[in-house]
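First to last, the protein sequences are chains A and B.
Under numbering that gives the first Met the number 0, the first residue of the first sequence is numbered 0, with each subsequent residue one higher.
Under numbering that gives the first Met the number 0, the first residue of the second sequence is numbered 0, with each subsequent residue one higher.
Source of the hints: derived by calculation from the structure; they are not laboratory data.
There may be inaccurate statements among the hints.
[As the list claims (entries may be wrong)] On the chain A side, residues computed to face chain B include the following (Cβ under 8 angstroms):
| no. | residue |
| --- | --- |
| 1 | A63 |
| 2 | H345 |
| 3 | G351 |
| 4 | Q358 |
Built from N, CA and C at the ideal position, the CB exists for glycine as well.
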Amino acid sequence: MNTPTLNRTVAPPDFVPQLDIDPFCDDFLTMPYPYHEQMREAGEAVWLTSYGLWAFTRYDHVKAGLSDWKNFISSAGVGLANFRTEKPFRPPSLILEADPPDHTKARAILSRILSPKVVQQIRGEFQVQADALIDRLVEKGEIDGIRELAKVYPLRVFPDTLGLAEDERETLLLYGDMVFNSFGPRNHVFQRSVERYEPVREWIMNKCQREALRPGGFGDQIYQAADAGEITHEEAPMLVRSFLSAGVDTTVNGIGNALYCFGQYPEQYDKLAAAPDMARQAFEETLRFESSVQTFFRTVNSDVEFAGVPMKENDKVLFFLAAANRDPRHWPNADVFDIGRKATGHMAFGTGIHGCVGQAVARLEGELILSALARKVKRIEITGTPTRRLNNTLRALESLPLRLIPH
Amino acid sequence: MAVVKFVSFEGESTEVDVSPGVSLMQAAVNAGLDGIIGECGGSAMCATCHVYVDENDAHKFDAKTAPEAEMLECAVSPLKPTSRLGCQLVIRDDCDNITVYLPEYQQ
Chain A
0 MNTPTLNRTV
10 APPDFVPQLD
20 IDPFCDDFLT
30 MPYPYHEQMR
40 EAGEAVWLTS
50 YGLWAFTRYD
60 HVKAGLSDWK
70 NFISSAGVGL
80 ANFRTEKPFR
90 PPSLILEADP
100 PDHTKARAIL
110 SRILSPKVVQ
120 QIRGEFQVQA
130 DALIDRLVEK
140 GEIDGIRELA
150 KVYPLRVFPD
160 TLGLAEDERE
170 TLLLYGDMVF
180 NSFGPRNHVF
190 QRSVERYEPV
200 REWIMNKCQR
210 EALRPGGFGD
220 QIYQAADAGE
230 ITHEEAPMLV
240 RSFLSAGVDT
250 TVNGIGNALY
260 CFGQYPEQYD
270 KLAAAPDMAR
280 QAFEETLRFE
290 SSVQTFFRTV
300 NSDVEFAGVP
310 MKENDKVLFF
320 LAAANRDPRH
330 WPNADVFDIG
340 RKATGHMAFG
350 TGIHGCVGQA
360 VARLEGELIL
370 SALARKVKRI
380 EITGTPTRRL
390 NNTLRALESL
400 PLRLIPH
Chain B
0 MAVVKFVSFE
10 GESTEVDVSP
20 GVSLMQAAVN
30 AGLDGIIGEC
40 GGSAMCATCH
50 VYVDENDAHK
60 FDAKTAPEAE
70 MLECAVSPLK
80 PTSRLGCQLV
90 IRDDCDNITV
100 YLPEYQQ
């Protein structure tokens, strides 16, 4: 079978800066910020020769591009692959890899289940769990911030709320890790995550079935929406799947990155410990400074001019959320971690119709962990060299040795 | 350019010049007003930019969409017929003077 040839940009016009940067190589994934700066300063739109795609790194363009779902579509994939010519790696997500009007109905259901009102209802239980965990860890003193804190808390509270049983929850992380890797190329980082995921694929997909979900939990509410005819019963497990891909590895890394920020900048932790009410605002700044989700792709729907460059139908476009979050055009002292700033408007959750639908839950988890720490821990010290877990989309740590010194 | 008067719950007025295309949430955040949070950055995802639009100015904005109406249900301060999310109120080219009242709490 012939691969259909698509109209798309092969080489950009001469005036467009071209950079030979691979945003998925180990070096980039380990320390992306110097590369972000290089791209941001090269121009409004940059052509990456490594994969033949457009890159946007400045705040205004990332925000405008992500808001423009008509020109920059998601149904052809939010990774490097173009679903118009390449078979999707997995059955496409009903919400992430979809455009209106299909996207709208899935989004409406998840928005309802994850609304700020619901989040107020779960707050009490999430708070109890956060306080109990931090109490245990303070008792211990020397901990691994990732293995014993950042992974433990989201894996406790979120699957409970979904309505999942308590068995082997860490296994759930393998799915999110694989999905976020699949948005990049088929590099060794991706291959390794697939190898880890394959043996548990069936176990994880079974978690999306109604019988695995406690009646009344978030997962079961998806099936209730199917009962009400909003989606089909075949679509319901697909939408539950989205909870598992987007709902745990993201918050694990959000909390892990926050701990890393405070370990690196003890004077900022002092501010937080002196004013635990700053926890919510502080978590916001950690999201800006070390964004869990670093990038998302879109596909150009039809020829369009954007940021002064002519883009062709089927071009792949890479939006660097994390680079927008440190754009000095938008943020004064962008490279300074400062919990006193208003980080509102950062791109860590994306924006527009595909902006993270679970962001209220993510904020709740981050706020409660930071406020529990602030109330119980005077100082956080990094006691060993942190190690990274490379992922094509996520900024993630594998380990973070910490000492928690109580008040 | 429109002049938007934000009236705090305590009755204090702040006038802000707002360019066409900019939302009232963004304008308030840029001006450093405390009465609007805009936590989600303008995606109609958090209900922390709740405002009451002066009845005389309601027609100067696009009508409420269903997602906005649903999100308003999550606002912590009382909902009124004039309630809107500031992030969804974008200044039009021909806007002149607008008055909005801020609720007691956003969160």
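Task: When the least beta-carbon distance from G351 (chain A) to chain B is tested against 8 angstroms, hint result - done: Nearest chain B Cβ about 6 angstroms off; hint holds.
Open item on the list: Take the shortest C-beta to C-beta distance between H345 (chain A) and chain B; is it under 8 angstroms?
Closed with: 7 angstroms, holds
Open item on the list: A closest beta-carbon separation below 8 angstroms is what the hint needs, so does Q358 (chain A) meet it against chain B?
Closed with: 6 angstroms, holds
Open item on the list: For the restraint on A63 (chain A), tell me whether the closest CB of chain B is nearer than 8 angstroms.
Closed with: 11 angstroms, violated
In terms of the numbered hints stated before, the structure departs from hint 1 and from no other.
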